[in-house]
Amino acid sequence: MIQFQDVTKSYKRGGSPALNDVSVEIQDGELVFLVGPSGSGKSTFLRMLLRETRPSSGTVTVNGINLAKLRNRKVSKYRRTVGAVFQDFRLLSDKSVERNIGFALEVIGTPRKQVKTRVAEALELVGLEDLAKRKPDQLSGGEQQRVAIARAFVNHPSILIADEPTGNLDPATSQDIMKLLTTINEKDTTVIIATHDAGIVDQMQRRVIELENGDLIRDEAVGSYQVGGDSR
Amino acid sequence: MRRLGLAFREVGHDYRRNITMTIATILTIAVSLTLFGTGLMVRSQVNAMKDYWYDRVEVSVFLCGKSSDTSICPDGAVTAAQRKAVEAKLNALKPTVEEVYYESSAEAYQRFKEQFRESPILENVTQDSLPESFRVKLQNPEDYQVVANAVVSSPGVESVQDQRKLLDKFFSILGGLQAGALGIAIAMLVVTVLLVANTMRVAAYSRRREIGIMKLVGASNGYIRFPFVLEAVCSAVIGGVIAVVLIGVEKWYLVDQVLKPAFKFTSFITWNTTYTIMIITFLVGVVLSAVAAYFAVRRFLKV
Numbered sequence: 001m002i003q004f005q006d007v008t009k010s011y012k013r014g015g016s017p018a019l020n021d022v023s024v025e026i027q028d029g030e031l032v033f034l035v036g037p038s039g040s041g042k043s044t045f046l047r048m049l050l051r052e053t054r055p056s057s058g059t060v061t062v063n064g065i066n067l068a069k070l071r072n073r074k075v076s077k078y079r080r081t082v083g084a085v086f087q088d089f090r091l092l093s094d095k096s097v098e099r100n101i102g103f104a105l106e107v108i109g110t111p112r113k114q115v116k117t118r119v120a121e122a123l124e125l126v127g128l129e130d131l132a133k134r135k136p137d138q139l140s141g142g143e144q145q146r147v148a149i150a151r152a153f154v155n156h157p158s159i160l161i162a163d164e165p166t167g168n169l170d171p172a173t174s175q176d177i178m179k180l181l182t183t184i185n186e187k188d189t190t191v192i193i194a195t196h197d198a199g200i201v202d203q204m205q206r207r208v209i210e211l212e213n214g215d216l217i218r219d220e221a222v223g224s225y226q227v228g229g230d231s232r
Numbered sequence: 001m002r003r004l005g006l007a008f009r010e011v012g013h014d015y016r017r018n019i020t021m022t023i024a025t026i027l028t029i030a031v032s033l034t035l036f037g038t039g040l041m042v043r044s045q046v047n048a049m050k051d052y053w054y055d056r057v058e059v060s061v062f063l064c065g066k067s068s069d070t071s072i073c074p075d076g077a078v079t080a081a082q083r084k085a086v087e088a089k090l091n092a093l094k095p096t097v098e099e100v101y102y103e104s105s106a107e108a109y110q111r112f113k114e115q116f117r118e119s120p121i122l123e124n125v126t127q128d129s130l131p132e133s134f135r136v137k138l139q140n141p142e143d144y145q146v147v148a149n150a151v152v153s154s155p156g157v158e159s160v161q162d163q164r165k166l167l168d169k170f171f172s173i174l175g176g177l178q179a180g181a182l183g184i185a186i187a188m189l190v191v192t193v194l195l196v197a198n199t200m201r202v203a204a205y206s207r208r209r210e211i212g213i214m215k216l217v218g219a220s221n222g223y224i225r226f227p228f229v230l231e232a233v234c235s236a237v238i239g240g241v242i243a244v245v246l247i248g249v250e251k252w253y254l255v256d257q258v259l260k261p262a263f264k265f266t267s268f269i270t271w272n273t274t275y276t277i278m279i280i281t282f283l284v285g286v287v288l289s290a291v292a293a294y295f296a297v298r299r300f301l302k303v
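These protein sequences, in sequence, are chains L and G. With my numbering applied, the first sequence covers 1 to 232. With my numbering applied, the second sequence covers 1 to 303.
One or more hints might be untrue.
Claimed, not checked - With a straight-line Cα cutoff of 20 Å, these simulated EDC-like cross-link-like pairs (lysine to aspartate or glutamate) come out: (1) L:Lys95 - G:Glu10; (2) L:Lys77 - G:Glu210; (3) G:Lys66 - G:Glu103; (4) G:Lys302 - L:Glu52; (5) L:Lys95 - G:Glu210; (6) L:Lys135 - G:Glu210.
As the list claims (entries may be wrong) - Estimated spans, in silico, between C-beta atoms of each pair: (7) G:Val202 - L:Gly29: 37 to 47 Å; (8) G:Trp271 - L:Ser93: 48 to 58 Å; (9) G:Leu4 - L:His156: 23 to 33 Å; (10) L:Asp137 - G:Gly12: 37 to 47 Å; (11) G:Gly12 - L:Ser224: 46 to 56 Å; (12) L:Arg71 - G:Glu142: 42 to 52 Å; (13) G:Ala187 - L:Glu121: 49 to 59 Å.
FYI, nobody ran anything at the bench for these hints, they're computed from the structure. The model shown is predicted, which means the values in this text are computed figures rather than measured ones. Even for Gly, the Cβ is constructed at its ideal location relative to N, Cα and C.
Let's have the full structure, built from the sequences with the hints guiding it.
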């Protein structure tokens, strides 16, 4: 379970906060859309979950761990329970697809045998078994994002965070990526997707949390996009 | 073990990727450590000379000769009776005085000839111009005043000279040399640390994407840092070996082949001391490089 309790984050003293007294709960296994215009605090919200930043006040609790109090040297252990996917894929261009995915396991000390089977599983999940030996720049954007998702999921995290996962993709490819994220969600993974893609949000009919200027202004169990009211 | 293999592979990769930087780093480490070691050698050498010389200092009691100043030696050259009286006084000072022996003008001249074999000074010195003397070896070289008080006003004594005073002046100059050498040594270590830190920072910067991903998927800071520290240590080991060899050459050639035959009247730094210096130099290089790398990449490990 993810729990934000009166979370405020100010990057600059006296400046307007990036998150302003946000309280929200996300249950295990949910799929949640996080919407809002640029600068609304979405990124800060996600960075909070990755423990890349800490709240100025309030608490963020994930699976019973209070991230504000989590020691620096324990952060790496915690991050193994959270997968993340980004708009720019963040793949290593000099490594093949399977090495990119395996990398995530290698650097946390997974035995070589296990790496092999897990990578094969992840490739199957995202449907890229045939492209395992390719380099990222030989793949389309959608394929690259699948690799990134495979890498985020290969360690079976309990939470998957996706920051504008379809930001660089065409609508048809975006659909596929969303389908993949839904599949992952069905494997008991909490999925949080920050997005500007109104079409997808409206179509999926899932929970929507909207932020604006750091305030949580909407939290609907079955929501649509409509950022900042209908005028946008 | 596997992790070590992976890390070494990364080091090899990094070395190849930036071969000029690698060579520059290794050579700078080698030169810096050599100068550091040389600084330590100069220090030890001065200490060796100090031990040698202070062990041999004596108080010289010069006796009146034919050419002595008449205001000090109104009776002219020392007489046998006066000489005996002075010797008795000196011997009475035992055990403060460890040993007293007599050196005639002829012996003084012999010794002088020996020491200034190739010097033109020799032509201007005759046997008569060198006074006869008592050489007094003290139990504790600082007790000069006791000897001086006892005999300076005795008839037949021209002057009492403490060789320590001469040495002190000499060694205060050498002390400056010692401090200078140590200063250079430390400066070179600072250079090494800064260079290694900078090299590792560049290496980390060029791999910041990889580091970012490692952090994202939960690699520990130690894991991420390890290849960089290992690379710095590898550079330091190679540079350190070069430095150790050069220090060995300094001892073997400069000290033993050049200086030793030229300066007979002192002792020189031994191989044992040289080995110690080699070990210190090597370890200091490796440890400092590791520490420099550790802190240099820290910035890239934040968040």
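Query - Which numbered hints fail - result: Violated hints: 10, 12; rest satisfied.
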